[in-house]
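Undergrad: Based on the hints, put chain B in the right spot on chain A.
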Amino acid sequence: MYRYDNYDHQMLADRVAQFRGQTQRFLQGELSNEEFLPLRLQNGLYIQRLAPMLRIAIPYGMLSSIQLRKLAFIADHFDKGYGHFTTRQNIQFNWPDLKDVPDILQHLADVEMHAIQTSGNCIRNTTTDQFAGCAVNEIADSRPYCEIIRQWSTFHPEFAYLPRKFKIAVCGTQDDQAATQVHDIGLFIVRNEQGELGFRVLAGGGLGRTPVIGKEIRAFLPEKDLLTYLDAILRVYNREGRRDNKYKARIKILVKETGVDAFRDKVEKEWLALKDGPMTLTQAEIDRCKAFFIEPAYKNLPADSETLSSALNTDLLFAAWVEQNISAHRKPGYAIATICLKETGVAPGDVTTEQMQFVADLADQYSFGELRISHEQNIILADVERSQLYELWRALKSQSLHADNRGLLSDIICCPGGDFCSLANAKSIPIAESIQRSFSREDLRDIGALSLNISGCMNACGHHHVGNIGILGVDKKGQEFYQVSLGGSANNYTALGDIVGPSFAQEEIPGVIQKIIAVYRKQRVADERFIDTYQRIGMDPFKEKVYAKAD
Amino acid sequence: MPKLIKNRQIIEDNWELVKDFSADLLAERGGENLLLPLVAWLEHKDVIAARSSATGVWLDSHELPAQLADSLHNLPVIALNFPVFRDGRPFSSARELRLNFGYQGEVRAIGDVLRDQLFYMARCGFDAFVMREDQNLETSLQAFEDFRDAYQSSVDRPDPLFRRRA
Chain A
1 MYRYDNYDHQ MLADRVAQFR GQTQRFLQGE LSNEEFLPLR LQNGLYIQRL APMLRIAIPY
61 GMLSSIQLRK LAFIADHFDK GYGHFTTRQN IQFNWPDLKD VPDILQHLAD VEMHAIQTSG
121 NCIRNTTTDQ FAGCAVNEIA DSRPYCEIIR QWSTFHPEFA YLPRKFKIAV CGTQDDQAAT
181 QVHDIGLFIV RNEQGELGFR VLAGGGLGRT PVIGKEIRAF LPEKDLLTYL DAILRVYNRE
241 GRRDNKYKAR IKILVKETGV DAFRDKVEKE WLALKDGPMT LTQAEIDRCK AFFIEPAYKN
301 LPADSETLSS ALNTDLLFAA WVEQNISAHR KPGYAIATIC LKETGVAPGD VTTEQMQFVA
361 DLADQYSFGE LRISHEQNII LADVERSQLY ELWRALKSQS LHADNRGLLS DIICCPGGDF
421 CSLANAKSIP IAESIQRSFS REDLRDIGAL SLNISGCMNA CGHHHVGNIG ILGVDKKGQE
481 FYQVSLGGSA NNYTALGDIV GPSFAQEEIP GVIQKIIAVY RKQRVADERF IDTYQRIGMD
541 PFKEKVYAKA D
Chain B
552 MPKLIKNRQI IEDNWELVKD FSADLLAERG GENLLLPLVA WLEHKDVIAA RSSATGVWLD
612 SHELPAQLAD SLHNLPVIAL NFPVFRDGRP FSSARELRLN FGYQGEVRAI GDVLRDQLFY
672 MARCGFDAFV MREDQNLETS LQAFEDFRDA YQSSVDRPDP LFRRRA
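Chains as they are written, first to last, in the working numbering: chain A, 1 to 551; chain B, 552 to 717.
Next comes chain A alone, as it looks inside the complex (with noise of 0.2 Å):
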């Protein structure tokens, strides 16, 4: 992964001490509540709804065994001793001080870690598909641009004070698990007809208050232009995005007001001043980013292992973990391994210090010292010799982490929602709870591939708009409801979901699941998934049984 040289390090320790002076002028009186917020947002620092909450980049989900005993640190001594992994593949902690966030902050810095650009109206954290480098079919490693990306939005100067929010996803794989296409921008790896690499450029997606897919508005972006072509798509934004409204300010409003054609127009225009400029990268820079992200020292193995086929036959525990769990990897003899965070009674994305200190040693152990952050709120330990499989898994299964639902209807994504989050109009993780309750373990697995998705506000951090099922908080005349949506997707093929009707009350929303799963059930032929079946039949049999009088 990316190791941070002198200058990485000089500008956080920079960003460090500006913050430090930045909070006690604060503390002391002379920067009022307004003028302290983008400065503290932008060092990751939201208040509350019991109390300060820091969220820390986790560039692209890559994290080290390093970094996350650091985490672990940091939970332990300031925060309550967990933290949550949120749909940005970042880390959120809820319970810091105020005046600890600096001391924080260069913790996090001796570990090349911070928490810069995770909020506010700037350039956040540039997520990734979480197997990127060991997924199989991949076009080309999506993180070494990742890096570049990171680096140069990192404090940039005429991009702080942007109208809105503002993502960027890049995506190397086949099957795109970035959620690339509702992104603001969304970077597709791509090869033209000489074989040169470069971006498919879509523009304009998101998700909040107006769920909409990215338009492209190019289709082939030559690498050494990534970063000249950024600067002119944002010059555009900062310039025309609306202020007046914060639901209107986001990149996608303005592409739909101005019209996709109209909008490439004004980027093309800008691009022109700035093409071949001095950010037109170097061969030498990618190169030097491409050398952080080479293979590690991988062994010649057989494709199978025996020790797993023997495995597999004798613990039908395990064998469920490894048919949920277990992703191929491109590398003959290993596996791309997902320890799901999604554990009944547990808030998803939760994690305790033991669990990280555990999980950091496991990756030492079993993964060459790495591991990612999905936005599905999951670790990854990417690079697990198939032989050891097992033994990884009873490790695992010591610390109650072996949960074997990876994509299946209980690895919920969900916020925060009302029980930590100031914007949210209704809970959301009693909601995860009281669904995962519902179903058995057989249920689960007979009914397969199924993403549900839940966001306590129409701010859609849990992503409602693009699960198979969506299930979204609203506030109904001060009482807490909740809108489910059918037909969401988010991989390659990305679609929003449509609203069922009318909303119910938080008691109701389990019945009501099993009802859709019920649908499912009985109108599927052979293999299908939910999302299959959906499209097939519609929503007319979903809604009839769900809004049907009790006999």
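These are computed hints drawn from the structure, not numbers from a lab. Don't take every hint at face value.
Stated by the list, open to error - Sample of chain A residues at the chain B side, in silico, Cβ under 7 Å:
no., residue
1, 10
2, 14
3, 18
4, 39
5, 154
6, 156
7, 158
8, 160
9, 161
10, 162
11, 238
12, 239
13, 273
14, 278
15, 279
16, 285
For glycine and all other residues, C-beta sits at the position ideal for the given N, C-alpha and C.
TA: Below, chain B without anything else, positioned relative to chain A:
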């Protein structure tokens, strides 16, 4: 006389910012250096050219530098207004003036200009800063030293870090 920061020095400000323009004003204040609103400046170019003292122009955050393109190089000062410090449009305007139009005169930040935005402003090509009244100019100077280096290309240092990394 009021003060401003120019090229990291605190100096006296000998420009008068005109917010409410009237045609008589050009004659009445013939001896003063005036910063005129864009619309007035565009409308009275001929009269302005005949003035004995200097005239500059100020743009509000929604106004585009491109409107000045024709006669840019005769302007000693272009001021860019921050109606509120969170309005990031003048950052783009400053960079455009410097990079797209090659403007060499003074680019002045006016309006809600606060210490914590100075560093980014300087990197975007602002070289003069009329700070909001309550700001301490002396301590604000420290803001220019907030970071020793930066990743991107900027007006004050065109080569991005990746072209300089040793």
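Undergrad: Quick check on the hint: residue 154(A) CB to chain B CB, less than 7 Å?
TA: holds (6 Å)
Undergrad: Is the interface hint satisfied for residue 39(A)? The criterion is a beta-carbon contact with chain B at less than 7 Å.
TA: holds (6 Å)
Undergrad: Against chain B, run the beta carbon of residue 158(A) and see if the smallest gap drops under 7 Å.
TA: holds (5 Å)
Undergrad: When the nearest CB of chain B is found for residue 14(A), is that gap smaller than 7 Å?
TA: Since the shortest Cβ distance to chain B is 4 Å, the answer is holds.
Undergrad: Would the hint on residue 285(A) be counted as holding, given a Cβ-Cβ threshold of 7 Å to chain B?
TA: holds (4 Å)
Undergrad: Please verify that hint: residue 10(A), Cβ, nearest Cβ of chain B, below 7 Å or not.
TA: holds (6 Å)
Undergrad: Please verify that hint: residue 279(A), Cβ, nearest Cβ of chain B, below 7 Å or not.
TA: holds (5 Å)
Undergrad: Hint residue 162(A) vs chain B: min CB-CB distance below 7 Å?
TA: holds (6 Å)
Undergrad: Please verify that hint: residue 156(A), Cβ, nearest Cβ of chain B, below 7 Å or not.
TA: Where the cut-off is 7 Å and the nearest Cβ of chain B is about 6 Å from residue 156(A), the hint holds.
Undergrad: Hey, does the residue 161(A) contact hint survive, CB to chain B under 7 Å?
TA: This hint holds: residue 161(A) lies near chain B, its Cβ roughly 3 Å from the closest one there, short of 7 Å.
Undergrad: Is the hint on residue 160(A) kept, meaning its closest Cβ partner in chain B is under 7 Å away?
TA: Cβ of residue 160(A) sits 6 Å from chain B, so the hint holds.
Undergrad: Under 7 Å is the threshold here; is the Cβ of residue 18(A) close enough to any Cβ of chain B for the hint to stand?
TA: holds (5 Å)
Of the numbered hints stated above, none is contradicted by the structure.
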